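Protein chains in written order, with my numbering: chain H, 9 to 336; chain L, -16 to 338.
No lab work stands behind these hints, which were simulated from the structure alone. Computed from a predicted model, the values in this text were never measured in an experiment. Quick reminder that beta carbons are idealized off the backbone N, C-alpha and C, glycines included. Possibly wrong hints are sitting among the right ones.
As the list claims (entries may be wrong) - If you anchor each label on the Cβ, the simulated ranges turn out as follows: (1) L:324 with H:254: 20 to 28 Å; (2) H:127 with L:106: 47 to 55 Å; (3) L:121 with H:303: 35 to 43 Å; (4) H:13 with L:282: 58 to 66 Å; (5) L:254 with H:75: 40 to 48 Å.
To be verified - When the alpha-carbon atoms are kept at most 27 Å apart in a straight line, the in silico DSSO-like pairs for lysine-lysine are as follows: (6) H:289 with L:239; (7) L:26 with L:57; (8) H:289 with L:155; (9) L:338 with L:182; (10) L:338 with H:289; (11) L:338 with L:189; (12) L:54 with L:106; (13) L:189 with H:289; (14) L:277 with L:310; (15) L:338 with L:310; (16) L:182 with H:289; (17) L:239 with L:327; (18) L:277 with L:121; (19) L:155 with L:310; (20) L:57 with L:277.
Unchecked claim - Covered by chain H, according to a simulated footprint, are these stretches of chain L (three or more residues, beta-carbon under 8 Å): (21) 35 to 44; (22) 112 to 118; (23) 182 to 194; (24) 295 to 306.
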Amino acid sequence: MLSEVINPELFASAIRMATPLALAAIGGTICERSGVVNIALEGIMLIGAFFGVVVALAAGSTHISWLVAASPWLGILAAVVASVLMAGLHAFASITLRMDQVVSGTAINLLALGLTGFLMVTLYGHPGTTDPIPVAINAVFNFPTPAGGLLATAWSWIDQIVFSYTPIVYAAMIAAVVGQWALFHTRWGLHLRALGEHPRAADTVGIRVLRGRYVAVLISGVLGGLAGANLSIEQVGSFNENMTAGRGFIALAANIFGRWTPIGSYLASLLFGFADALQIKLQAFQSVVQIPVQFFLMLPYVLTVVVLAGVMGRAVAPAEVGKPYEKE
Amino acid sequence: MKRSVRTGLVAAVVVSMAGMMLAGCSPAAPSGGSASSGAASIKTAMVTDVGGLGDKSFNDLSYAGLQRAQKDLKVNIKVLQSHQITDYVTNLSELSGAGYSPVFAVGFLMSDAVTQESTAFPKTDFGGIDIDFTNPPKNVVGLNFKEQEAGYLAGVVAGLATQATFDPRLNKDNTLGFVGGMAIPPVQRYEAGFVAGAKSVDPGVKIISLYAGRFDDQAKGKELGLSLISSGADIVFAAAGQTGTGTEKACADSGKALFIGVDSDQFLTIPNSGNVMLTSAVKRVDNAVYLVVKDAAAGKFPGGQNLTFGLKDDGVGIAPFHDFDSKVPQSIKDAVAKAETDIKSGAVVVPTTLK
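So that you can see chain H by itself, here it is in the shape it has in the complex (with noise of 0.2 Å):
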């Protein structure tokens, strides 16, 4: 029965379900850092799905064999353009028109929302799912499989956990570790945390404000279509309406979680993750337990708001964050 539960698939499929959570949450952390609130994440991640999806199903339904081949990479290209865009509505609005950063950024959920269904429906003439994506991206390591043995079962363990994925949760891995540098061991990153404890200090001493929030929030709408990427092109392979399902504002709490640095919030996300692939196995023993299934489903969220009230103690958010700034 442990077999059932503790197994190689179990960690797999908790990093493929903190993948798109961790991109968001990174996102959102550089976002906040620099004194900008993004509960935008949501839409940001459901535009760069939906884009990436268009864009792939434009270039594979083309009969140029290079652009076939080409076109899921368009595709997550496409997604980062398009939700870059949208992060720079967010930064617009919040930014140079100073409005609200929760207004705004529930005014782009709802954008995306909107907007996803209509072309939908404008592009293919039906709203649901698209088609799938002709050309799908695989794992970026294949290695082959040894004959039995204890080292072959070994190495399968390895290779499920370690080599099993696609490009984008490589990424992902290394945006926690470039960005957690990059955030507290450079001098971009001192500016950038400075934005979002005391912007008037670090304008007095030079340093551009709003052009250091307008990157932050770029840079997680970078991160936020990776994220969307990750789940329409890489996971599924088609897109369908309102198929974040929530991960961006799960992503918000694991940026929380994760005390606002990259790191953290790739390890909130994981716990997240992990939570969630238990859940699974473990559903696998209701029958025999005799608990209601909602009861595993909640798990996860359960763990969440334990591990934020209790364990982890009093998160500091950063001083001005949420705060526009207006030069005197």
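For this one, chain H is given, so just place chain L on it according to the hints.
Positioned in the frame of chain H, the structure of chain L alone reads:
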């Protein structure tokens, strides 16, 4: 300062309104028919569940029923989509206020909304798909299906196929998988029927059931599918809307399992799925909707009761094997035919819940 704050607010309002307008008009599916001149003509409409049109499942099927009514009976039709559970009441009252009757509410989750609106609009007739009303008033009819019978047939196919060898993906683990969207009665009836059907042909078969908690999360559906496959399931039946499309993807990507679709014949609705789509457990929501519109057009709306459509009424059934038709052995086809006869004659009564 003041000016820019105001500009910001205006921008906020404009952006949110644009968002909501787009959300509101996304149905855009051809609504209203050619105006018909017959005096008997009625206006009928439906409100989709959050899965929405294009779910390739019961929302689309209900719409197909309306379209057939539009064509055959010359009635006017309209569809409003629900994007959130909070849209149900608004959509129902908008249609009732505009004089549509009967108005169909598609989905179990709309139960309370219909009960509320049927009191607010006593002159409008309502049909609730998948809703079993307690003491429905004269202007309400519940349209339910014996999903368990379709599930049973799928279970018979799966239970025999997992022991067969007509496809290299069928393993020796004797394990089947089920993926449910939310744990609501219609989905649970599919599950109960599937389990009963599989056990009827092989009492020793192992069936693992997993629920996603949502109908619109493909990525989750894929993870559930992969989990089932890693536990040895070589045939997975998903009653989970768009979540199930992700499960189909898991079967296709892993190359280790076959898939059984739900509600509509999913061979036709999921492109390029022929390689994994063994069959589908179908629910003819279109037939039920059409029948009610037909009765209503004749002035005989069957209100005040819950109707149940089973195998006998052509309300549920099993789809063709399509690409697997030549591979599936005759013994399985015979077993399905026998199960159909037994259910229709009443010799087999399929349970609606798991024991």
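Which hint numbers does the structure go against, in order from smallest to largest? 1, 2, 5, 14, 15, 17, 22, 24
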